[in-house]
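Asks: Sequences listed follow chains A, B and C, in order. The numbering used here puts the first sequence at residues 1 to 234. The numbering used here puts the second sequence at residues 1 to 272. The numbering used here puts the third sequence at residues 1 to 261.
Derived by calculation from the structure, the hints in this document are not laboratory data. We put the beta carbon where it would ideally sit given N, CA and C, even for glycine. Fair warning: there could be bad hints in the mix.
Calculated Cβ distances over 10 Å to all of chain C for the following chain A residues [to be verified]:
1) VAL15
2) LEU30
3) LEU83
4) ILE181
5) GLN226
Subject to a maximum C-alpha distance of 30 Å in a straight line, what follows is the list of computed DSSO-like cross-link-like pairs (lysine-lysine) [said to hold, decoys possible]:
6) B:LYS44 with B:LYS236
7) B:LYS56 with B:LYS201
8) C:LYS127 with A:LYS230
9) B:LYS236 with B:LYS26
10) B:LYS123 with B:LYS201
11) B:LYS98 with B:LYS230
12) B:LYS272 with B:LYS52
13) C:LYS104 with A:LYS230
14) A:LYS230 with C:LYS100
This is what each chain is made of:
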Amino acid sequence: MTDFSDAFAAALGLVLGLDSSLTEIVGLSLRVSLTAVAIAALIGLPVGAAIALFRFRGRFFIVVCVNALMGMPPVVVGLIVYLLLSRAGPFGVFGLLFTPTAMIVAQVLLVTPIIAALTRQVIEDLWIEYEEQLRSLGAGPGRAVPALLWDGRFTLITAILAGFGRASAEVGAVMIVGGNIDHVTRVMTTSIALEVSKGNLALALGLGMILLVLSASINAGAYLIQHSTKRWHA
Amino acid sequence: MKRVTIMALVAAVMALMPGPAAAAEKFFTLVGTTSTDNSGLYGKILPTFTAKTGIKVRVVSVGTGRAINIAKNGDADVLLVHHRTSEDKFVADGYGVKRHDVMYNDFIIVGPENDPANIWGLKSVVDGLAQIAATKNFFVSRGDDSGTHKKELSIWKLTGINAVKASGTWYREAGAGMGATLNTASAMPAYTLSDRGTWLKFENRGGLKLVAENDPLLLNPYGVILINPKRHPHVKAGMGQAFIDWITGPEGQAAIKAYRIKGRQAFFPNAK
Amino acid sequence: MTAPSDDPRILPLELDDVCFEAGGNRLIKDVTLRLEPGLKTVIIGPNGAGKSLFLRLCHGLLRPTQGSVRWQQETGAGRHQAMVFQRPVMLRRSVAANIKYALKLHQVPRRHRADIIDRVLHQTGLKRLADQPARVLSIGEQQKLALARAWALEPQVLFLDEPTASLDPAATHSVEEIIAAIHDAGTRIIMTTHDLGQARRIADEVIFINRGRILEAAPAGRFFEAPENDLAQAFVRGELLWWNKGQDNRKQGLPPKEGEG
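Could you build the full structure based on these sequences and the hints that come with them?
Replies: What follows is the structure in structure tokens.
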């Protein structure tokens, strides 16, 4: 078990020493994942609500697809985005490969289905409760979307956090489209993968602990907010 | 309350948006192999290049097969790998301008401490591998189409034994980089072919030790190639060529020679 | 406050041969009716008679399978109606915000909203709860909020579906007072109830429904004094009609069901 105590010591050392490359890597990880989640929410919330409220041809198929995409392997998404952004691919002219932007794109693709699928479920259930009253007040499904999203905000925040968890934890997509370039596209997960490949297991584990603490802090913060506003969730 | 929340969210997103494009920053992209990067060479010598020219080098490290793939697509500017046949084909097919010698190091065989196949002291690596196969001791292969992998397969060919056929039994294909493969070999424990640079830096040796070296077959030459701007007009040919000139020139070669891992010289410059 | 007099009147409401079918069953049959302005109409009948369905057909939440439901003004009639349900439906926001949302949907100008909210909360006795989360209120208070919300819209017609069925007597009394006040302010009341006492207290006009048919429609005084339809008589006497299923058919002049004498 020496690895675990070594790992803890390594992690502590990095954090206490405010290791500059650590802060750079943590900063980039947060920037990439938080941006991706924000964009994914901007897309996933209205799309999920629309699927929930409207009847259209192929709806069943779309629902099943979105649910299935929640489980898309990150490395597959990374490969697809690489092929799209490569100079040899359709969007190569933008030169986005091996930049944080490419990483954000890949993570948006990973996270949007999660948010859309969970939003769909939440909004569907809310509409069952509210439909008659809202229609009576003059709000059909289209007009009701913002009110429904706001009403479901507590559950939807949990969905968004789930998306953030997925984004900050994955390594397959960001490795392929980012290239793990030192000081440019190296994030927590790719650093951990790199240290493992160098055999620096203690350091890798230490970085892993830091990542866990970061993720736990964000989740704790969100839960605190939800808890303190519990009365509004009745 | 709702408006404040929305404004706060928008502000947060904007603060996190990627900063202004690095167009102001001078850089080019070098695609190379994990074995070179993991040895720590780039970390040591590239800053010298940047200090001299002001050009930053963005290093993408993958297996040789993937590196060549990335280079063919034009997603990088300079290619630096260690598989002569692939490199020559790359230039011949018009993807690269010219192949230059840079340096070489060597491969070694590492294996379990107690050396169950008894290959310590054998001069011929071909004999060594043949003996591992005959005694059916575990051997872990990179299995990832890398330069190391291709070298390993070429030695198997000389033994006349089809190791790949035994895949899953004593012959295990990791499909991974050098470090990951060494991790696997260390845990089993098993024999494996490794480049000396990665081995010297490797921290997780477990029960592994060096069992065979110095066979001329184990020489591992590296070549550097500028990706052809005629093929991919966006390639940063100026900066890429500056790098190639530097690394094959006296300064770069000296820097390579000076690089030590645990007191030992890891790479041997051989540019002409 | 009366509904603005320059708004087009949507009453009278005319139902013409309206039928409603669901799941293969005819739940509302051959309803032809005209609802004039001004009165408080109470619709009574046993459980499952179709009172709630009838209300929803009038309000437009359901479309008739056959026949037509016509207001005097075809388009936009919905804006001048409101409905309160048996269980109040409130959004996860404050008491005041729930009313504000309804006003927003009706495009009431922003500058008027605060005053309207203030007024209706005062009139329903909910002013001190204005900033509370609406859903932590007791069910009686939430139902009063539902009325306040409807009132804020100044509807010409207010539908209420068994509004006090879930409430205790004190809350029931409060709610009936509010309904009366809304009517006094100029809103037509159309309400269902299974509570005869409530019907007696409130109704100007009574509609008796059984098994999807309107069996009698009369001014309240006459109806409670001497209902013409014998099923209505039974109902007013407090007899639960579902006991008399077989006798129903005989009384209506239909052949008895199989297996009955």
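Asks: State for each hint whether it applies.
Replies: Quick rundown of the hints versus the structure:
| no. | hint | verdict |
| --- | --- | --- |
| 1 | VAL15 | holds, 40 Å |
| 2 | LEU30 | holds, 30 Å |
| 3 | LEU83 | holds, 44 Å |
| 4 | ILE181 | holds, 46 Å |
| 5 | GLN226 | holds, 13 Å |
| 6 | B:LYS44 with B:LYS236 | holds, 23 Å |
| 7 | B:LYS56 with B:LYS201 | holds, 25 Å |
| 8 | C:LYS127 with A:LYS230 | holds, 23 Å |
| 9 | B:LYS236 with B:LYS26 | holds, 10 Å |
| 10 | B:LYS123 with B:LYS201 | holds, 25 Å |
| 11 | B:LYS98 with B:LYS230 | holds, 13 Å |
| 12 | B:LYS272 with B:LYS52 | holds, 22 Å |
| 13 | C:LYS104 with A:LYS230 | holds, 26 Å |
| 14 | A:LYS230 with C:LYS100 | holds, 22 Å |
In summary, this structure violates none of the numbered hints.
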